[in-house]
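K.L.:
Work from the hints to combine the two standalone chains into their complex.
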Amino acid sequence: MKKFPIATQEIGSIRKPKWLVKLLQNKDISEEIKQTARDDMSLLNLKMFEDIGLDVVYDGEAKRVEMYEYSVRRIEGITLAGKIRSWDNKYYNKGRCTKKVKYKGPYHLDEFMFIKKNARKMIKLPITGAYTLADWSYNECYKSKEDFTIDLARKIIRPLIRDLVKEGADFIQIDEPAATTHPDEINLVVDSFNESIKGINAKFGVHICYSGNYSDMYPHVLEMKNHQYELEFANRDSWSKGVQHAKRNGYSSFLKTFREYGEKKEIGLGVLDVHVNEIEPIEIIRDRILYAVKIVDDPNLIHVNPDCGLRTRSRETSFAKLKNMVSGAKLAKKSLGLI
Amino acid sequence: MIQNWISGIYSRSETLIEATRRQDKTLQQLYENEKRKLIKRQIKNKFDYISDPLIDWDDHIRPFTDNLRGVEKGALTRYYENNTFYRQPIITNKITTSGQILKNNICFNLFPKRTKIKIDVLDPFTLYDLSVNEFYKSEEELIGDFGNIIRKELLRIKDNVNLIQFNAPSLARVQEKEQLNMVKEVMNKVTKNLNVTTCLNLWGSDISNTINEFVNFPVDVIGIDFITTKINKCDPIPINKMLACGLIDAKNTKMEEKKQIIQKLKTIRKQFGVKSISLIPSWDFEFIPETFANRKIELMKLIKQDMKEK
Chain A
5 MKKFPIATQE IGSIRKPKWL VKLLQNKDIS EEIKQTARDD MSLLNLKMFE DIGLDVVYDG
65 EAKRVEMYEY SVRRIEGITL AGKIRSWDNK YYNKGRCTKK VKYKGPYHLD EFMFIKKNAR
125 KMIKLPITGA YTLADWSYNE CYKSKEDFTI DLARKIIRPL IRDLVKEGAD FIQIDEPAAT
185 THPDEINLVV DSFNESIKGI NAKFGVHICY SGNYSDMYPH VLEMKNHQYE LEFANRDSWS
245 KGVQHAKRNG YSSFLKTFRE YGEKKEIGLG VLDVHVNEIE PIEIIRDRIL YAVKIVDDPN
305 LIHVNPDCGL RTRSRETSFA KLKNMVSGAK LAKKSLGLI
Chain B
52 MIQNWISGIY SRSETLIEAT RRQDKTLQQL YENEKRKLIK RQIKNKFDYI SDPLIDWDDH
112 IRPFTDNLRG VEKGALTRYY ENNTFYRQPI ITNKITTSGQ ILKNNICFNL FPKRTKIKID
172 VLDPFTLYDL SVNEFYKSEE ELIGDFGNII RKELLRIKDN VNLIQFNAPS LARVQEKEQL
232 NMVKEVMNKV TKNLNVTTCL NLWGSDISNT INEFVNFPVD VIGIDFITTK INKCDPIPIN
292 KMLACGLIDA KNTKMEEKKQ IIQKLKTIRK QFGVKSISLI PSWDFEFIPE TFANRKIELM
352 KLIKQDMKEK
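Heads up: the protein sequence lines correspond to chains A and B, in order. Counting from 5, one number per residue, gives the positions in the first sequence under our numbering. Counting from 52, one number per residue, gives the positions in the second sequence under our numbering.
This is chain B alone, in the form it adopts within the complex (with noise of 0.2 angstroms):
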């Protein structure tokens, strides 16, 4: 069984662009009428979980720094190894939620009925990392209060979803085993009983050598970026869960050949021993022009179309 969906914020179109240059009276309408199209090419392209392209967020921190209690917006900083910046929260308080955050920053309005839903949200570790902690004596206690956050804006909209995808690029650079143990315990509470399926998004870093660890997280499905993490590098061990493969480079435009992105999926397989996979972009598709994005999203198509016949 092959899946696919996209991840994360999807590429702006050129008049959307423009209207956010300008201030445009009508960005709103826009936005909506966007991501509309966006749904509809997701759908076209028979994606199997349907997203929220989120081309109206800022970063993908912003509904929080700007919606939690206890956060003061900071410096703009660097997004990991991008030419893109997102504004950096400071903790200045015990933080908390109204628990509205994802219900009001999520699109459930545009999906067609019967859609599968993906939301995609940073986990708890992650938030911290990009983060400035000015009031928490631990960074245990901070993680765990994420969580809870986390917790408690899924829990108002899991109803709705689908696939809850835990984007982790901080967390995948983790290597010591002690750090990922505690942050395995905090996404426990994240998602006892949410029976809704889950993803670990682990985009951005080689997982090479803590791959056996990420296998145990309490989620459905483990996403790898395989453009960073070499396949040969991984040891073979058997996964028994859902593996998503970002082999579709989210960072450059030079398109993939689609023999070769099967060939590597057999191997994946084989390698892992998994009996369902999905074919995932490595990142968010906003690092390339949405045309190239749109191309990109075909090939998915057509790969998992392959796979299928064959």
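So here's chain A without its partners, still in its complex pose (with noise of 0.2 angstroms):
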């Protein structure tokens, strides 16, 4: 696989502008105009984070709806029950499993494909993986959430994958968010994303965050057949410049696990906190990725994203801080010696 030191990359979504909220509810509006305008925004997601200077690129997601329910609504055996908080006043709708799930087609294909015929740079498609769904979903039909987690990954995300893959996706994502929520239940994480890509060629990362721990996941990720780890850090580090570790607490634990167990895997290392509006400085940037290259000692294991999907922020916000982001990525990439 093709080494691409300081790649910097988005995590997910992208908050979508007021009009175009207001004109995908207006119901007098036709499915063909509601089509264009997410095709538009798509495009113009796209191009933003290309002249941003992001090297891996998607379109934040535009025409969907939200990480989880736009899956859900696509699989048949879950329906929505309802919306439940996620913190303060944001909210997603959960699905009730009511009976086994069935694949109903490739729901990502359309805007893949519409990504692929305009993107100049490489494309990571970013899939809500089977954990994930089972986790936040409500179990009322198989006898155990195993049996429901491993059911989604054998017949909704490996076929979708596999769909997919067939038609130009090389580097997926798998979002996993719920995947240290419960540290007992890591074996079937692991063995839920096994089984989601098996059989199939492409690069395939996995996006976890806001863990307790993430060392937790140890030894067991070693299993995981994933070639890179998007992680939420940047949330937990402090605001000083410096590359000691007392100056990066947010990262000092994870990262020793990592080069203890002597992995090979890449880190999709988030350094921006998306839950915050201030705008990370260049050089915290900067100094966030020095540290993980001192403590992983390769430069070509690190990418550098976000923590999570950037929807919770204003579209000036995020493309302020992506801005930011791809300088302190130049940054660091100065004082290494690559560029």
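Simulated from the structure, these hints should not be mistaken for lab results. All figures in this text were calculated on a predicted structure; none of them were measured in a lab. Check before you lean on any hint, since a few could be wrong.
With the Cβ distance kept under 7 angstroms, some of the chain A side facing chain B (calculated, not the full set) [unchecked claim]:
hint	residue
1	91
2	144
3	146
4	185
For glycine and all other residues, C-beta sits at the position ideal for the given N, C-alpha and C.
P.N.:
So this is what it looks like as structure tokens:
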């Protein structure tokens, strides 16, 4: 696999502008116009990311309602129950699995084909993973969570990935934000991931965020057949400059564990806190990257991204953060003699 | 005797969800109206204690994070094994309170007269465990200070309250006897001469190995989450307190079978030799949409009715 040190990338979602949300909610507007608006937004996000200078792009999930809801709406056997709070006044629509799940078709294919046609940079396609779909749904059908999760992996996610790869997707990020929610279920996370990609040839990342302690995933996660971890760190890190352990308290624990286990997978290093409006200064981003390179001792293993999707921030804030991320990555590369 | 009540934060209605998303100007009024409705719903379902549904709380700890002196707001952090997050308090100095936090954040004015009011508050250990300590030298010291704060808050409101429920999800995870004894001492100070019925609600964890320790805590009621604690794994020890049985799964929309819950209540009663029990949800109902929570509290009423008739 080609090495791409300190490559910059997005994780997933970007907030939709209000005019688009209103247009999509307007029942008097035809589906054809709505589709054109979605295409335009997808293209706009894609070009914004490319102009900012990200190395790996998608479209900010412009055509999806939300990472979980978009998927479960397209899976037979799951129906929406209602909205549940994630935090403060943020909610997600939660599904009930009332009968065994069935694949209805490649639900990300149209958006991928559109991006493939328009992107000039490398594409990373995010999809929601089986474990998270199961963990965030009410299970009213299967005897156990294990049965539910593995069925989702085999019957939904694997056929979906196979269909996407057949059409040219070669880098897929499987989003598993729930992966560390139940530390004693890490084997199920790993098994369902491996079941999802079984027999399929592509580059696979796994995005995990807001874990109590990523180190708890070890040693089980060594069995996961991913090529990259995209992880949240900035949320828990200090805003002080420097590459000392004490300054980089959000990163030190996991990176040390990663090194101790001799991991050779890439890390998508979360350097932007997606829950605050403050824009991270480029020097702090640089230092977060340099610290990670110092610990893992190989710049090829470090890619750079926000902690998570940026949809909770305004578009202005998101793009400003991403711009600084690209500049911070350049500073780091310069400091490492990579440019 | 069987009683019932709800715990913690209730689900928000669709109307309220939309209003909070829009940051509607009438939000405060809407919170009040919705709280009135939910209080009425509990009364209609003949609940023995009526709770503030806390639908205006951002999380269980936020009133303290926002109002305690010596605390700063930290990162958004996962709330146990849920897809729910809370703002972590960072302890940067000695913590103190004005004693007005619970008074100002519980809707005492909305309860009809003669209502038996229940309030929810986290226990000192859970408050400590959910915080980041950057000031205190020892955990005992910080837990002790959280105990002092809770005590001061409760003294201010105790005359208006009939049941104080200490929700203790972090404490429920503790396995070390020494640590439990230390928290028990703190709870002794918190509950001393309060003259209000108190409940220690151990939600979210399997406490089958530590149940012997918890039965000696200085409270009148022990609450057990019987979704995570399997009844048959618990030793059949005598419990001389009321047992609040979290048998209604607050995290799944699947409706319980009335017969099965009644059977489980009978088993529990026999196994622990308890005279009085109550039926409660296993956690906050905010983990399921409001329509399902409403169905579950109606079921709770029916179960109580059936148990009384038999």
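K.L.:
Tell me if the interface restraint on residue 146(A) is satisfied: Cβ within less than 7 angstroms of some Cβ in chain B.
P.N.:
11 angstroms, violated
K.L.:
Does the CB of residue 185(A) sit less than 7 angstroms away from some CB of chain B?
P.N.:
5 angstroms, holds
K.L.:
Would the hint on residue 144(A) be counted as holding, given a Cβ-Cβ threshold of 7 angstroms to chain B?
P.N.:
This hint holds: residue 144(A) lies near chain B, its Cβ roughly 4 angstroms from the closest one there, short of 7 angstroms.
K.L.:
For the hint on residue 91(A), just tell me whether its beta-carbon gets within less than 7 angstroms of chain B.
P.N.:
4 angstroms, holds
Taken one by one, the earlier hints fail for this structure only at number 3.
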